Structures are given as structure tokens and as C-alpha cells.
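Participant: Sequence lines, in order, name chains A and B.
Letter 246 of the first sequence, counting from 1, is numbered 246 in this note's numbering, and no numbers are missing.
Letter 215 of the second sequence, counting from 1, is numbered 215 in this note's numbering, and no numbers are missing.
Derived from the structure by calculation, the hints contain no laboratory data.
Hints may contain errors.
Each pair may be met inside one copy or between any two copies, as identical chains are not told apart.
[Unchecked claim] Straight-line Cα separation of at most 30 Å, DSSO-like style, residue types lysine-lysine; simulated pairs: (1) Lys278 to Lys205; (2) Lys345 to Lys321; (3) Lys17 to Lys3; (4) Lys3 to Lys204; (5) Lys444 to Lys507; (6) Lys444 to Lys352; (7) Lys406 to Lys60; (8) Lys278 to Lys134; (9) Lys58 to Lys507; (10) Lys507 to Lys524; (11) Lys58 to Lys406; (12) Lys60 to Lys444; (13) Lys58 to Lys204; (14) Lys257 to Lys345; (15) Lys321 to Lys354; (16) Lys3 to Lys229; (17) Lys370 to Lys110; (18) Lys257 to Lys229; (19) Lys134 to Lys110; (20) Lys354 to Lys257; (21) Lys486 to Lys60; (22) Lys354 to Lys404; (23) Lys257 to Lys444; (24) Lys404 to Lys257; (25) Lys524 to Lys110; (26) Lys354 to Lys317; (27) Lys317 to Lys278.
Note that the coordinates shown come from a computational prediction; the quantities given were computed from them, not determined experimentally.
These are the residues of each chain, in order.
Protein chains: 2
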Amino acid sequence: MIKGHNLIGLTESNEGKEFLQSFSPVTQSKLPEQFAVATSEEVNKAVDKASAAFVVYKGKTAEERAVFLETVAEEIMALGDELIQRAMLETGLPEARLMGERGRTTGQLKLFADVLREGSWVEAVIDTALPERKPLPRSDLRKMLMPIGPIAVFGASNFPFAFSTAGGDTASALAGGNTVIVKAHDSHLGTNELVATAINNAVKKCNMPDGVFSTVIGEGPVTGIQLVKHEGIKAVGFTGSYNAGMAIFRAAVNDRKTPIPVFAEMSSINPVLLLPEKLRQDENVAAQVSASITLGAGQFCTNPGLLFLIEDEAADKFTKKLAEVIGASPAGIMLNPNICRSYYKGREVIAKQKGVNILFEGEDACANYKASAFLTRVSAADFISNPDLQNEVFGPSSLIVACKDKHELLQALQCLHGQLTATILANPNELNDFADCIDMLSGKVGRVVYNGVPTGVEVSHAMVHGGPFPATTNANSTSVGADAIKRFVRPLCLQDCPEQFLPEALKNSNRLNIMRKINGQYTKESL
Amino acid sequence: MIKGHNLIGLTESNEGKEFLQSFSPVTQSKLPEQFAVATSEEVNKAVDKASAAFVVYKGKTAEERAVFLETVAEEIMALGDELIQRAMLETGLPEARLMGERGRTTGQLKLFADVLREGSWVEAVIDTALPERKPLPRSDLRKMLMPIGPIAVFGASNFPFAFSTAGGDTASALAGGNTVIVKAHDSHLGTNELVATAINNAVKKCNMPDGVFSTVIGEGPVTGIQLVKHEGIKAVGFTGSYNAGMAIFRAAVNDRKTPIPVFAEMSSINPVLLLPEKLRQDENVAAQVSASITLGAGQFCTNPGLLFLIEDEAADKFTKKLAEVIGASPAGIMLNPNICRSYYKGREVIAKQKGVNILFEGEDACANYKASAFLTRVSAADFISNPDLQNEVFGPSSLIVACKDKHELLQALQCLHGQLTATILANPNELNDFADCIDMLSGKVGRVVYNGVPTGVEVSHAMVHGGPFPATTNANSTSVGADAIKRFVRPLCLQDCPEQFLPEALKNSNRLNIMRKINGQYTKESL
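I would like the entire structure built from these sequences, with the hints used as guidance.
Facilitator: Spelled out as C-alpha cells, the structure:
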């Protein structure tokens with residue numbers, strides 16, 4: 001049963017006099033449950049608890065943390081159909097998608113459990129003492145990655161499980177030994193409560209300290225920013241819009257005594273490079289691209305919003321076909337009224353820009369919170385002179401950039417802002433001819449997809465879900481995959497620390513059997 | 001012969017009408033050479049050249065970059081005594097120190113050459129395709145660290161070689177495959193020109209692209225900030241004062257279209273924890289601490305500026321002895337007039353704070369640009385209530401914080417701002433008793449030194465020269481040691497990239513013989 005409270009550690013708390021309700025795009029009405037907005041005192045209490053719990057939690061072994069994460073996964077599964085039904089109601093996402101996303105979320109928790117058990121992620125480095133070295137001896141130096149403290153996590157609208165309460169930010173922060181406070185996303189407050197309760201069940205079962213996890217309810221600009229500004233918070237994980245991400249980023253730098261890192265994944269339109277031979281020889285490209293554009297009503301950070309091609313007969317044929325296929329795709333239900341309104345507003349703005357031709361414009365279904373597809377075309381010259389064409393339109397919209405030749409294509413690519421992904425659809429022989437274009441794209445993105453689609457982000461070791469600004473505020477990080485844990489840690493060096501006081505990972509004996517760098521060489525040997 | 005020009009790539013350039021001169025604290029007068037301040041156009045030209053050169057330079061093999069770095073080291077040595085003499089004149093640092101620092105600098109270049117040849121630093125990660133996986137197949141995913149582009153480096157006053165023109169920032173940025181523009185420090189413009197010329201000799205000998213290195217002359221707030229704001233610059237390396245570092249950090253976030261990372265190493269007062277048993281049993285502690293405080297006229301980022309002890313007889317004895325020893329140390333010549341004036345001003349400010357007792361105050365030798373020692377004492381209660389006592393006084397000054405008991409010690413440590421180092425002087429049996437204090441300190445610093453002194457920063461694999469704000473603007477980094485290279489790179493993931501287009505580090509065959517993570521396991525095996 002949904003109670004509508006904040007969870008300040010293990011304590012159910014609703015001291016506030018203001019309330020929020022989730023809106024269902026399915027029933028097209030507010031859901032009945034009232035969620036108490038966290039008071040300023042409640043937020044402070046959550047941070048205090050997270051700070052106190054951190055001192056205990058960071059001392060837990062990797063195995064203890066791994067079991068904890070696995071227990072969170074089990075408790076989420078134990079919520080059963082109630083969770084799926086509530087998320088469907090709050091997000092309008094279909095059942096199959098949500099069941100898949102739940103699997104992704106528990107898989108993510110288990111991946112971090114694996115990473116913890118393997119153990120090498122701490123990057124243990126040892127330089128042994130050189131007492132006889134002239135002119136000066138060398139001390140014994142050992143370093144490893146250490147957790148940093150309470151992390152503020154912002155739930156994302158478009159992934160109620162995988163990028164929200166127990167999503168990648170929370171999982172990686174907890175895996176790294178940090179405590180977490182989640183600012184629930186207004187769109188799925190009930191889903192948040194269910195998952196948060198599952199996490200707290202795991203906290204109790206695993207004997208983790210009260211305060212290792214909290215969730216607070218409230219508006220981003222108030223409750224969210226209060227969290228970000230709190231000196232007890234040591235870093236922020238965020239997935240969402242450019243404006244919200246930048247507000248957090250700037251507050252973290254400008255409005256705190258001690259600036260903190262913000263890992264915000266924000267705005268990306270994911271260019272696709274459609275090379276001439278490929279378009280000539282592969283008739284399936286239009287269907288493949290269309291499916292990626294309209295998947296999930298286009299509500300993915302990796303949605304392909306820009307299609308670069310060189311004008312020729314095959315490109316014309318592709319363009320016509322894409323307009324046809326996309327025109328036949330049904331309007332999809334959107335996550336919430338704001339996103340839906342922004343989508344249609346974004347379409348309007350694009351349509352007004354100089355030189356933009358509309359190739360397909362699905363009817364405005366905003367009244368039913370549905371997004372129909374939108375396909376436009378612009379010349380490379382107009383694209384190059386107008387950076388506003390690179391503003392993300394979150395939904396099933398894509399803009400074809402038509403280039404006269406390879407030279408103009410390279411110029412257009414040079415103007416691109418930072419992106420999460422770039423996709424190359426090409427015949428193998430074209431990869432050489434367009435090497436400079438691919439090199440240019442690679443310098444602007446976190447992931448290059450060859451002959452696939454950008455939607456679908458694998459949770460694995462080699463994934464990079466990140467990229468240069470404005471895709472993220474920190475290009476040297478990923479919010480998906482094993483290395484997401486590296487965001488919420490920092491290196492600590494111990495100089496001449498007596499063996500018995502060294503952390504296990506840095507002791508002479510390598511009992512954890514992890515890969516270490518000893519005097520510049522990688523080894524699993526003991527010292 | 002010193003010419004007084006900027007080096008815009010390989011081109012000597014002095015288009016400006018303004019000039020700077022270095023001031024010699026040795027001759028106590030301006031040196032005759034006129035250095036042309038870079039015009040705005042010259043700065044832009046340097047960035048343009050660096051951007052163009054980056055496209056070529058990032059394609060150089062690890063071996064080519066390693067040879068380039070080694071050649072830079074050789075060319076610096078080939079400058080011979082001229083370099084040492086010029087640096088002595090410009091900085092007032094003694095010959096032996098500068099020869100040592102030169103060795104450290106060339107050693108640093110060679111360390112990065114070793115890191116490049118060993119090759120594993122690129123963090124190659126491979127997840128092989130799982131075409132049969134249900135419900136969805138997994139793509140082949142491979143990632144590694146890639147260079148990011150032109151880096152702006154700010155020369156530091158206190159290390160004319162090791163943290164300046166060819167210092168750690170430049171060496172690590174070049175090692176990572178980036179191009180570099182150095183804003184010369186006003187205090188040692190001649191030294192900068194000599195070293196810059198050596199670098200450019202190496203550029204020519206190694207056939208590196210024109211523009212891989214440039215140096216520009218000018219004031220930080222003008223020329224420096226112009227560089228930081230230039231959209232062509234992709235990251236900044238800085239070592240210096242809090243105010244200058246924060247100006248750069250804020251400009252990089254607030255005054256650019258695309259914010260960039262700033263790795264600023266700024267302000268640290270390096271607490272030392274003097275435990276009771278140790279003080280009782282080891283009579284050498286006072287001499288050891290005094291030597292570290294007064295080393296190089298206290299002009300080290302790791303200078304121990306705070307000494308925590310618990311009041312008892314041994315602590316009193318130590319305090320008296322420290323005052324004596326420090327009182328006997330000669331005043332040292334300072335780097336430049338500004339630093340000297342700031343030092344004496346900082347002393348005055350400290351002396352005025354509530355509850356501060358002066359234990360030793362060397363005579364004011366500012367007129368001769370010399371710094372005499374300054375030792376003060378304050379109660380923990382006064383320390384806790386006054387954050388201004390944590391402002392860095394750059395020079396041979398230290399403040400004893402006297403605590404009534406362990407409880408008060410812990411409270412005082414809790415108030416500490418972020419630091420580069422913490423030092424524990426303790427008998428082995430005390431480490432257990434004070435574990436909570438050491439844990440508290442460890443959470444606030446980049447390096448913990450056991451029974452040593454914080455001055456003296458080893459250039460090796462396990463070093464961390466970094467720490468939480470305000471010690472740096474990025475606690476997840478080090479500016480000294482092998483991992484300094486990680487600041488100027490970012491991960492790029494290639495999905496289903498055909499084997500022949502993969503970078504060498506990610507190909508099936510592991511020809512570079514590097515350590516890679518394949519499907520979650522570390523191995524040097526080929527695929």
C-alpha cells in the first residue's frame with residue numbers, strides 16, 4: 001500500500017504541509033495518493049543520517065556490499081506485479097517494456113555485486129620503498145579508490161526503474177561505499193516509494209546502517225537544489241533535461257562553500273551518418289532508423305535526432321521511404337504532460353527555423369498525451385549557421401541534414417555539439433573513405449555505433465553512456481556500466497602505512513586476488 | 001640568448017606592444033629582458049594551431065609519443081647551466097634545489113614515456129558480442145581512454161621546472177595525446193622561454209606537428225582567462241593560489257558555451273597529527289617538523305601549516321623545542337615580491353585572530369624578499385569556531401592547535417577543510433587508539449603520511465597529489481605521478497566496430513601486450 005511519505009533512512013516521515021500527486025497519462029488524471037513534500041528539516045535530517053551512516057557503511061567489506069545489492073534486487077522482484085502496475089499507471093510505459101527495465105535494473109545491481117567481488121575496480125597501486133635510493137630514499141606508497149560520502153541522486157522521468165530510485169546512479173554509488181539520498185521524480189512517486197521500501201527492506205535484512213538510503217519528495221528547484229547545496233552532499237548523479245541539469249551543475253559550483261562534482265546526463269540528439277553506398281544497397285535502413293526514432297515514443301537519451309546524408313538519388317529514395325515508414329508508426333503515449341507539451345513546442349520551434357522542410361508531421365495528440373512522429377529536413381548550410389537546430393526535441397522527431405558533398409558533411413559534423421552517441425550506417429568499404437568524418441564524430445561522442453542503432457544501452461563493462469558537453473557535465477565518466485562506480489570515489493595514497501593498518505586491497509598479501517599495479521607492472525601476485 | 005617572444009607553435013611571435021619583465025629576488029631588481037605580452041590574436045592563433053596539431057598528434061603511436069617526451073627531457077638537459085642560472089636569478093631558489101628539480105622534471109617526462117610503452121593506462125575494456133543472447137543479442141563493445149584536445153597549462157611560481165613549462169601538467173597532457181598551451185608564469189619568463197625552446201627543439205627532431213606546444217606571455221586575469229574561455233581549449237591544468245585557481249575554475253564553468261574540467265591544485269595547510277606517546281618518546285620530532293616547515297622558505301603546497309596535539313607535559317616540551325629550533329632557522333629568500341608581501345600579511349592576519357598566541361615571530365625581512373619563520377598556537381575551541389584560521393599562509397608558518405583531549409581533537413579534525421596531505425606522527429600502538437581520528441583525516445586528504453613529513457612528493461605510480469576542495473577543484477585526480485595522465489582523457493566506446501578500424505589497443509590480437517578487461521576479467525591474452 002502506498003503511504004505517501006518520505007523515507008528518512010528507515011523512518012517514514014511526512015512532516016510537511018504540502019503534497020504532490022502523480023499524474024497518470026493512462027487515465028489522464030491525477031492519481032489519488034497524496035505524497036508529502038519533504039520539509040527543509042526532513043532534507044537536512046536525511047543528509048545527517050546519510051553522513052552518520054557513511055562512517056559505518058564505508059567500512060563494510062566488498063562481499064557485504066555485494067550481498068546488500070543482490071538483496072535490493074531480490075526485494076525489488078518481491079514487489080511483484082504491484083510495482084509493474086503502478087509504474088504503468090504513472091508513466092504510460094507498456095508492461096513488457098517495464099518488465100524488461102526491471103530486469104535491467106536488477107541486472108545492474110548484480111553487475112555491481114560482481115564488480116565488487118572481482119574487486120580490481122579499486123585500482124590498487126603499490127610502489128615499494130627504496131630505502132637505498134640516492135640522493136633520497138623512496139617511501140612505501142600505496143593508493144586505491146575510496147568512497148566519498150553521501151550522494152544525491154535524481155530520479156529520471158523516462159526510466160522509472162533503471163535511472164531512478166534503485167537505478168544505475170544509486171547502484172554504483174552504493175557499490176562504491178557511499179550512502180544515497182534519492183530525490184524522487186514527480187512523475188512516478190508511487191513507483192519511487194515501492195522501490196525505496198524494497199531498498200530499505202534490504203537495508204534491514206543485511207544489517208546496513210540506518211541512513212544508507214533515503215528518499216525525499218519535492219520539486220527539483222526547491223527540494224532538489226536544497227540537497228545539492230547541502231555541504232553534507234559530496235556528489236550528484238542526474239539524468240534529465242539540459243535546464244534542470246545545468247541548474248544543478250551551477251548550484252554545485254557556485255552556491256556551495258565547497259563545490260562538488262555533478263554527473264549530469266542531459267541533452268543529446270545522437271547524429272546518424274548515412275553513407276551513400278549503404279543507402280544504395282540496403283533497403284532496410286529506413287525501417288531500422290524509423291524504429292529507433294519512434295521506439296518508446298522517442299523518449300530515450302539516445303534517440304537519433306539528426307540524420308546526415310549526402311544528396312543523391314539513393315538519399316532521396318531513403319528520405320521518401322523514411323517519411324512513409326515513420327508516418328505509418330502509431331503515436332505513442334508520453335511520460336507526463338510536461339514532456340508532451342515540450343515535445344509539440346519543440347516541433348513548432350524547429351518548423352520555424354530557416355530552411356527547415358517538414359517531411360512528415362503527425363497530428364497533434366497532446367490532448368491525449370501522445371506523441372506522433374515528426375520528420376524534417378534542412379540543408380547542411382542552414383544547419384551549420386543555426387545552432388538552435390541542435391536543441392534536443394525529446395520525442396519521436398528527427399532532422400535530416402542534407403549535404404552537397406563530403407566536404408560539406410565534414411563541415412556540418414564539425415559544428416556538432418557533444419553527444420552521447422554517433423551512429424555510422426555504412427558499407428565496409430566506405431569506412432575508409434569517410435575516415436575523417438568518423439574521426440570528427442568520435443571526438444564529439446561517448447559511443448560510436450557501427451551499423452546499428454543508438455537506442456538500447458547495454459549494461460556491461462565496456463559501455464560508455466556519457467560524452468562531451470552538453471551530453472553530460474563530465475565527459476570523463478559513464479552513467480551506465482561497471483565504470484559508473486568510478487564517479488563516486490577518489491584516490492587516497494597511504495605513505496609508509498604499517499602493514500596491519502592498510503586496507504585489505506593494499507596489504508602485501510593479495511588475499512582479495514585483485515589485479516594491482518606494483519612498481520608499474522600489473523599483477524595478481526602478493527608482495 | 002633570451003629573446004622575449006611568445007612561441008606560437010614553432011613560430012617566434014611578439015606582435016604585442018606591452019611587455020613584462022621578470023623580477024629577481026636575488027638582485028632585488030627587474031631583469032633587463034623585455035617579454036612581449038601575447039595579443040588576443042596571438043592567443044587565438046596558438047589555440048588554432050593546437051587544434052589543428054591535435055588531429056595529427058593524437059594519431060601518433062605510444063612509442064612515438066614516448067620518444068618525443070624523452071627528447072624533451074634530453075633537450076632540457078642540453079640547455080645546461082644556462083637554464084639553472086636563469087632559474088636561480090628569477091626564483092631565488094638555490095642551485096642544488098634547481099638541479100634536483102630539473103632531474104625530477106626530466107624523470108617525470110621519462111615516467112610518462114614508460115607509462116606509454118607499458119600501455120595499459122588506456123584502460124582497454126572489451127565485452128564480446130553475444131549474438132545468441134535472449135531476449136536481445138549483445139553487441140561487441142570496446143572502450144578505451146582517448147585524448148581530448150588542446151590543454152591550457154598554467155606555470156606555477158614555486159616549481160619553475162616541475163610544475164611549469166615542461167612540468168607534470170604538460171608532460172601528462174602530451175603523454176595522453178593532447179596538445180598544450182602554457183601560460184608562462186610572470187616570475188620566471190626567461191626560464192619559461194628556455195624550456196619552451198627545448199620542447200620545440202624536440203618537436204622538430206621528432207617530427208611532431210607544429211602547434212603541439214605553444215607558450216604565451218601575459219597576466220593571468222587577461223591572457224590566462226582568455227585561454228580558459230577559448231572554446232578550443234578542452235581542459236586546464238593549474239597549480240597556484242586559491243584566488244587564481246577559483247577565478248579559472250569559475251570562468252571555465254560560467255563563462256564558456258561549453259564548460260570544461262579544471263584541475264586546479266590550490267590551497268592546503270597539511271595538518272600534522274602529533275600523538276602523545278610519540279612526543280613523549282621521540283625527541284627528534286621538533287627538528288623533523290621544523291625542517292619541513294622551513295624547507296624552501298615554506299613555499300611548498302605540502303608545507304605543514306597545522307599541528308594538532310593534545311595538551312600535556314610532552315606537548316609543552318615539544319612546543320617549546322619547536323619554537324627554539326624554528327627560531328634558529330635562517331630566513332629564506334622568497335620567489336617573488338608578491339608572495340613575500342602576502343606572507344607577511346598572512347602572518348598579521350593570523351596574529352590578530354581570537355586566541356592566537358605567537359610562539360615565535362622572525363623579524364620582517366620583506367624588504368629583502370626573505371621569509372622568517374612564524375609559529376603560533378591556538379586552542380582547539382578557538383580553532384573550531386574560526387574557519388579563517390584555515391586560510392593558507394604560503395611560507396614558513398605553522399599553527400599549533402592544542403586540544404584538551406581526544407574528543408576535542410576529533411571535533412577539531414572534523415572542521416578541517418580538504419587538504420593535499422595529512423601526517424600522523426605516532427608510536428605504532430597509538431594508531432589503534434586514534435583510529436577514528438586517522439579515519440576522519442583520511443576522508444579529508446589525498447595522501448596520509450605515517451611518521452614522515454608531507455614535503456617531498458614522490459613522482460611514481462601510487463602518488464596522489466590532490467585532495468578534496470579547496471586543496472583541488474577535482475578530488476578524483478592527481479597532478480603528480482603516472483595517473484596524472486587520466487585527467488586529460490575520456491573514455492570512448494566503439495560498438496560493433498570492424499576489426500580493421502579498431503585502435504591497436506582494442507584489436508583482438510593484443511599486440512601492445514597491455515592489460516585489458518575482457519568480459520569482466522583482467523588479462524593480457526589475445527581474443
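Participant: Against this structure, judge whether each hint is valid.
Facilitator: Each hint, compared with the structure:
no. : hint             : in the structure
1   : Lys278 to Lys205 : neither (55 Å within a copy, 44 Å between copies)
2   : Lys345 to Lys321 : within (26 Å within a copy, 74 Å between copies)
3   : Lys17 to Lys3    : within (15 Å within a copy, 72 Å between copies)
4   : Lys3 to Lys204   : within (19 Å within a copy, 71 Å between copies)
5   : Lys444 to Lys507 : between (41 Å within a copy, 22 Å between copies)
6   : Lys444 to Lys352 : within (27 Å within a copy, 53 Å between copies)
7   : Lys406 to Lys60  : between (56 Å within a copy, 25 Å between copies)
8   : Lys278 to Lys134 : between (63 Å within a copy, 28 Å between copies)
9   : Lys58 to Lys507  : within (18 Å within a copy, 38 Å between copies)
10  : Lys507 to Lys524 : both (12 Å within a copy, 24 Å between copies)
11  : Lys58 to Lys406  : between (54 Å within a copy, 23 Å between copies)
12  : Lys60 to Lys444  : between (39 Å within a copy, 20 Å between copies)
13  : Lys58 to Lys204  : within (17 Å within a copy, 51 Å between copies)
14  : Lys257 to Lys345 : between (38 Å within a copy, 24 Å between copies)
15  : Lys321 to Lys354 : within (24 Å within a copy, 78 Å between copies)
16  : Lys3 to Lys229   : within (28 Å within a copy, 50 Å between copies)
17  : Lys370 to Lys110 : neither (35 Å within a copy, 61 Å between copies)
18  : Lys257 to Lys229 : both (9 Å within a copy, 23 Å between copies)
19  : Lys134 to Lys110 : between (49 Å within a copy, 18 Å between copies)
20  : Lys354 to Lys257 : between (45 Å within a copy, 23 Å between copies)
21  : Lys486 to Lys60  : both (18 Å within a copy, 28 Å between copies)
22  : Lys354 to Lys404 : within (18 Å within a copy, 73 Å between copies)
23  : Lys257 to Lys444 : between (33 Å within a copy, 15 Å between copies)
24  : Lys404 to Lys257 : between (52 Å within a copy, 29 Å between copies)
25  : Lys524 to Lys110 : both (24 Å within a copy, 26 Å between copies)
26  : Lys354 to Lys317 : within (24 Å within a copy, 80 Å between copies)
27  : Lys317 to Lys278 : within (12 Å within a copy, 83 Å between copies)
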